[in-house]
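Protein chains in written order, with the numbering used here: chain A, 1 to 183; chain B, 184 to 948.
Check the hints yourself; a few may be wrong.
[Said to hold, decoys possible] Taking lysine-lysine and the DSS-like style, the derived pairs with C-alpha atoms no more than 27 angstroms apart in a straight line are:
| hint | chain 1 | residue 1 | chain 2 | residue 2 |
| --- | --- | --- | --- | --- |
| 1 | A | LYS163 | B | LYS189 |
| 2 | B | LYS642 | A | LYS2 |
| 3 | A | LYS163 | B | LYS642 |
| 4 | B | LYS815 | A | LYS127 |
Please keep in mind that the hints were generated in silico from the structure rather than gathered at the bench.
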Amino acid sequence: MKKKVTLTVNGEEHEIEIEANRLLLQVLRDTLGLTGTKEGCSIGVCGACSVIIDGRVVSSCLTLAAACAGKKIETIEGLAEDGRLHPLQQAFIEYGGFQCGICTPGQIMAAKSLLDENPKPTEDEVKEWMSGNLCRCTGYYKILEAVMAVVNNKIDPDFAFRKREQTAKIQSLDVYKSVAKTN
Amino acid sequence: MAKAEKFSVVGQRVQRIEGFDKVTGDSQFIADIYLPNMLVGKILRSPFPHARIRGIDTSKAEKLRGVRAVVTAEDTIKRPWGAFFADQYILSVGKTRYVGEEVAAVAAVDPDIAEEAIDLIEVDWEPLPGVFDAEEAMQDGAPLVHDDKANNVAMTMDIERGNIVQAFAESDVVVEDTFVSMPQWHCSIETIGSVAEYAPNGKYTIYMNTQTLFNARYRIATALGVPETDVRIIQSAVGGGFGGKSCDDNNALVAAVLARKAGKPVKLINTREEEFLAGCRPRVFMKINVRLGFKKDGRIRAKHIKVIADNGAYSAKAPAITGVAAMRHDTCYKYSDVKTEAVLVYTNKIPTGAFRGFGNPSAEWAVEQAIDLGAHELGIDPIEIARINAAETGYVSPHGNRVNSCELKQCLDMAEKMMDWKSKRAGKQPNTGLGLACTVHVSGKRHFGDYDGSSATIKLNEDGKALILSGEGECGQGVHTAMCQIAAEELGVPVEDVEISRADTDLTTFCLGAFASRLTYVSGNAVKNAAANVKQQLFEQASEMLEANAEDLVSHDGRIFVRGAEGKSVSVSDVARARLFRHNGAPIVGSGSFDADSVLPDSTRFGNESGAYNYGVQAAQVHVDPETGQVKILYFVIASDCGTVIYPLGAEGQVEGGLSQGIGYALTEGLQIDEGKPLNPNFSDYRIPSMRDMPPLQHAFADSYEPTGPFGAKGLGELNMDPTAAVISNAIFDAVGVRIKTLPITPEKILKALREKAALEKAKT
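All chains, full assembly: derive it from the sequences and hints.
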């Protein structure tokens, strides 16, 4: 039996028709095309599917989509604004808080939910909180470092991602112009 | 010898090139690939560890609405395949040999229908007696896993260098013990998956999250019975590899067979349970007996190692892994007389295979504990035993491994200092102890054909920006960033001006892929050579523009200068454009190859297996609670010799991540299996370390330079997984005087050992 549901994801309302047994993870990925939320273990242990619902971090692999109607859902896709990364996203790049990156959206959402509520957690509080998000690549040191960098305001204010120096002005148009001229 | 060299890009803390996509969720992993009309695949797996298949009835499944294809072995050419021995099929032929083996599969319009169709397939099973222990499997009369493998033996080795009997006779102290290691799963947070398409001209296109594309293409083409050209592998982003995604499993093959039959793309992603049962091939189970002979002064005089390796039902890379376990460590210390015996045995369990370390963690778990036993027997500080025996630059191992660069002694000094070893040892506290182990690994290994090389192409765009085309496997470790740095350094351009393509067997040249810690070294050299080729073409063009000889030109910061007259220069982009937009113009494309100066080992496995050897030392201080058996790692230090560090963020990440897998291997990760059926195939019962499990860590890289490496670099990826379990066990022994010889080291085992020790001491008094 399909059911009409309105989901508010990253501030945008989506009116969808879904089976009552669809999980939020499946709806985000397969129905809404928001594939930034990942499936890791399917039993709510690894944290790869972490999203924030009404301010609380939850495993979307254990959450029925229909039960989220009327609630505020935040996913990794909603973090960057106008191409500007969220401080946590920036810190993960600056401090190397990922390797393969499959757990990264979940790690960042978990950290965001903590910092939204408690902007100045201690290192031990971060460790305890983040222990629900498994990572097999990093050994967690650089994830912790990235989160603490945001807590302690140690991220680069002039950050730019792989910004290119303009080693030469863009001249290809000039080339074509001269070709046009000879014609 | 270390060599100071100034680099402008190499060694800089550059950003990971995929960084933006990774933190925004934009990175396209295998599950994120959706093709038009794509179907979902599902596999019917064997519930029995050993059973004959009398028949399969798929008719009910085929009739279910929404089902587009149902396949069994009858839809394949039934040609066995495998990395070293051809012993497995795409789908079971006649019988199944382990719980989870692929028997049949369906493709349907949605996952629920696929699941329902699987339940409608009827298999007429005849369960057979199974064999689950390697030593039992070798007994006469044991059930045979493969009918043509007498006593279930897949492979044996018996190699002696020098004279082992004489060497033990000349030893002052002899120690011997047996150590059992467990299989360990890769537990990449992304499971194995693929999306396969089939075109009517006979070509398969398969998106895979594999770390070894061309090896995958070769094996898939073999099993499907088509030429390599008819299989195109396109790599998705890979969510962790660690050896598990090196195509020893059937996932992509089943997807390909389904796609051909359905005539539509098929997506097949392992569930977490499937990943444990039959996805990535876990570390080989090993029982290793080590006997070491020492001279009074601590020198190792003789080593005899006997390995019993449990293959599981199919071999994959286990033959090579067993060889590594039996021999690799002989490049760590200066050995003269060694004997190694190994047997690899089939059982009705999950097939084992490649996992970070490739036999080395099992071997170091045993050998580095035996060395610790020797140190205690001799009354010499374990760090001194290591120092006395440590390999050095110029060492040639008994098996012919030639070491061009080795900073193991420097690593020992660094570890000693970071741990404050001497004073902690002198001021030993109750239930607190120190442990240490050394490690060696390769930078590539010559075993797939007589080739351990790589190739790369670099395309220079008309704006002067470079694109590397490489078919090697970035699997999350960050090697693409290191490759961009190497190209940028050679070209003399900023790293931001270099990009790299995703690997695709149709578009990139032949590469073996990510294994044996080879990419920075082998593919780094190929990329460097390709960049040198591009630079040569740039300099030819620039020499006209600058009216100077090409030999007199240098490049840095994106410009080409005349040496000695630095006022005279031209930008790389101007040169690239000038080369193209003119009569007889041509874009600049450079190619480069590299094949390591190694030797394909002979029939006695003698021969320099790798182009370079990387070294390291780990040490731990632990506390053991005698009431609960709980181990707390108080402090951990790591010193690594990987030559020049190209990409520091990535290199540090390899060390830290390797340690976390090593700690899991040592303390928590272990298969629970009953009559061939895994009991803990999920993340709640198979526990990998979380953030709170990681100890305080200090690590450092040795000042080192590998003369054959790109800008002096060599491998690193596996090094820091290898010795950790032995380090922790040695520290526990130092703390409380008990040694746990079977992994993982659980509190229960420690408590039991402490009680036995107490009872023994009481009996003595």
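Comparing the hints with the structure gives:
With a CA separation close to 23 angstroms, the supplied pair A/LYS163 and B/LYS189 stays within the 27 angstroms bound. With a C-alpha separation of about 52 angstroms, the suggested pairing of B/LYS642 with A/LYS2 is violated against the 27 angstroms cut-off. Simply put, A/LYS163 and B/LYS642 have alpha-carbon atoms about 21 angstroms apart, close enough for the 27 angstroms limit, and the pair holds. At most 27 angstroms may separate the alpha-carbon atoms for a hinted pair to count; B/LYS815 and A/LYS127 meet this at roughly 16 angstroms.
Comparing the model with each earlier hint shows a violation of hint 2 alone; every other hint is respected.
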